[in-house]
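K.L.:
Each chain, written out:
There are 2 protein chains.
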Amino acid sequence: MAKTYVIHGALRSSATYRVRIALHLKGLPYSEIFLDLGRGEHDAGSYREINPQGLVPALVAPDGTIVTQSLAILDYLDESHPEKLLLPEDRAGRARVRSLAQIIACDIHPVNNMRVRNHIRDLFPGDDGAQGRWMAKWSKAGFDALEARLTQETDTGVFCHGDRPGYADACLVPQVYNAGMTGFDLAPYSRVRAIADACATLPAFRAAHPDNQTFK
Amino acid sequence: MAKTYVIHGALRSSATYRVRIALHLKGLPYSEIFLDLGRGEHDAGSYREINPQGLVPALVAPDGTIVTQSLAILDYLDESHPEKLLLPEDRAGRARVRSLAQIIACDIHPVNNMRVRNHIRDLFPGDDGAQGRWMAKWSKAGFDALEARLTQETDTGVFCHGDRPGYADACLVPQVYNAGMTGFDLAPYSRVRAIADACATLPAFRAAHPDNQTFK
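Order-wise, the sequence lines are chains A and B. Just so you know, my numbering puts 33 at position 33 of the first sequence, and the rest follows in order with no gaps. Just so you know, my numbering puts 78 at position 78 of the second sequence, and the rest follows in order with no gaps.
Hints were generated in silico from the structure; no laboratory data involved. From the three backbone atoms N, C-alpha and C, an ideal C-beta is built for every residue, glycine too.
To be clear about the criterion: a stretch of chain B counts as covered by chain A if any three or more of its residues have a C-beta under 8 Å from a C-beta of chain A, and this derived list gives those stretches:
#1 49 to 60
#2 74 to 82
#3 148 to 154
For each label pair, taking beta carbons as the anchor points, the in silico distance ranges come out as:
#4 A:Gln152 x B:Asp163: 35 to 45 Å
#5 A:Asn118 x B:Met114: 18 to 28 Å
#6 B:Asp128 x A:Asp197: 42 to 52 Å
#7 A:Gln152 x B:Gly162: 34 to 44 Å
#8 B:Ser31 x A:Gly45: 49 to 59 Å
#9 A:Ser190 x B:Gly162: 41 to 51 Å
#10 B:Ser46 x A:Arg91: 20 to 30 Å
#11 A:Lys84 x B:Ala136: 40 to 50 Å
#12 A:Leu11 x B:Lys137: 23 to 33 Å
#13 B:Lys140 x A:Gly45: 18 to 28 Å
#14 B:Asp128 x A:Gly126: 21 to 31 Å
#15 A:Leu28 x B:Leu28: 28 to 38 Å
Cross-link-like lysine-lysine pairs, in silico, DSBU-like; alpha carbons within 35 Å at most:
#16 A:Lys84 x A:Lys140
#17 A:Lys84 x A:Lys3
#18 B:Lys3 x B:Lys84
#19 B:Lys140 x A:Lys140
#20 B:Lys140 x A:Lys137
#21 A:Lys140 x B:Lys137
#22 B:Lys140 x B:Lys84
#23 B:Lys137 x A:Lys137
#24 A:Lys84 x B:Lys84
Put together the whole structure using the sequences plus the hints.
P.N.:
Printed below as a string of structure tokens:
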């Protein structure tokens with residue numbers, strides 16, 4: 001019986017990528033079981049016993065507690081291991097960071113994730129550009145909002161909130177990665193790019209990157 | 001200068017409705033400024049100074065702190081007023097409740113909210129059923145998931161988590177209201193309906209209902 005955290009995730013799932021970043025930032029050992037979403041492994045009965053919703057990620061804690069939904073997992077990790085907090089310590093700061101994370105997790109990601117993209121493709125057979133236009137529209141709305149919020153206050157540090165990376169950065173970096181994978185141009189979003197660049201230099205973010213995972 | 005909370009919201013916005021429920025459950029006095037989304041008041045410069053994202057709700061605290069994103073607001077209220085907690089006190093319970101809330105706030109609501117519905121309408125001019133089919137597809141996926149999670153464990157009480165209504169119920173009730181407004185049949189979701197019915201008997205939920213708001 002493993003005494004470390006186990007992620008049930010997927011290599012390119014950005015919600016899973018958030019959790020990998022969080023575990024590395026907190027220095028918590030873990031292993032990951034990579035589900036093949038293309039083959040429907042998230043829909044299989046064995047995974048549905050862990051998460052009846054059939055979505056990744058799910059985190060199994062050393063004591064057996066199962067937590068699903070990536071932001072709930074980040075909060076759970078902070079409450080379980082308060083030594084290296086992902087959230088700021090002050091209430092207003094925590095609210096700002098949660099709000100930034102939810103712009104990504106509630107307003108950008110759900111409208112552009114795989115199940116919705118696939119459905120748009122199916123709704124417009126023969127129209128190769130339909131999926132790309134859909135992605136571009138909602139990515140623009142989302143990154144516009146994120147950049148606006150990030151630049152609303154100045155002097156907020158190197159990362160999303162201050163000079164220590166955390167909860168919101170763990171959401172921003174996978175969304176920037178997604179933008180790159182789908183060819184969405186982030187040139188207009190200088191603050192977003194600066195934060196992603198700062199994160200990219202850190203070992204925790206490098207270790208969590210989809211390109212640096214090894215299947216055991 | 002008001003010394004109570006001020007919601008910048010909209011009458012039928014379910015994210016705003018969540019915040020109204022939370023304030024009533026905690027017994028906190030507030031006033032609400034109702035924006036007319038149909039007239040684009042959320043897009044106006046005056047509101048963008050409060051929330052650069054141009055989405056409702058935004059909550060202004062008595063000390064002037066502005067919090068956006070409905071779940072961030074619920075956490076902020078709990079951290080500011082720990083007397084009547086919306087979240088359970090134990091870590092595993094908090095994780096379960098946050099996960100339930102995020103099924104609604106991240107997986108159901110964003111794919112079916114007004115901006116996406118309107119876009120689907122525009123993508124299928126002349127096809128009166130397109131919007132309804134879109135709504136039904138994602139509502140079904142979402143409520144299937146929610147019902148599965150709610151029935152994964154038994155003996156979890158009258159509400160989403162235990163016998164005290166809170167954080168997840170504040171998300172469930174507006175989504176059930178939305179389902180009613182858009183004609184989505186909740187008959188197959190007996191646990192969801194039982195929770196919504198239990199909430200509907202409580203003064204806090206009645207006071208927060210869109211039909212019971214008065215414009216000042």
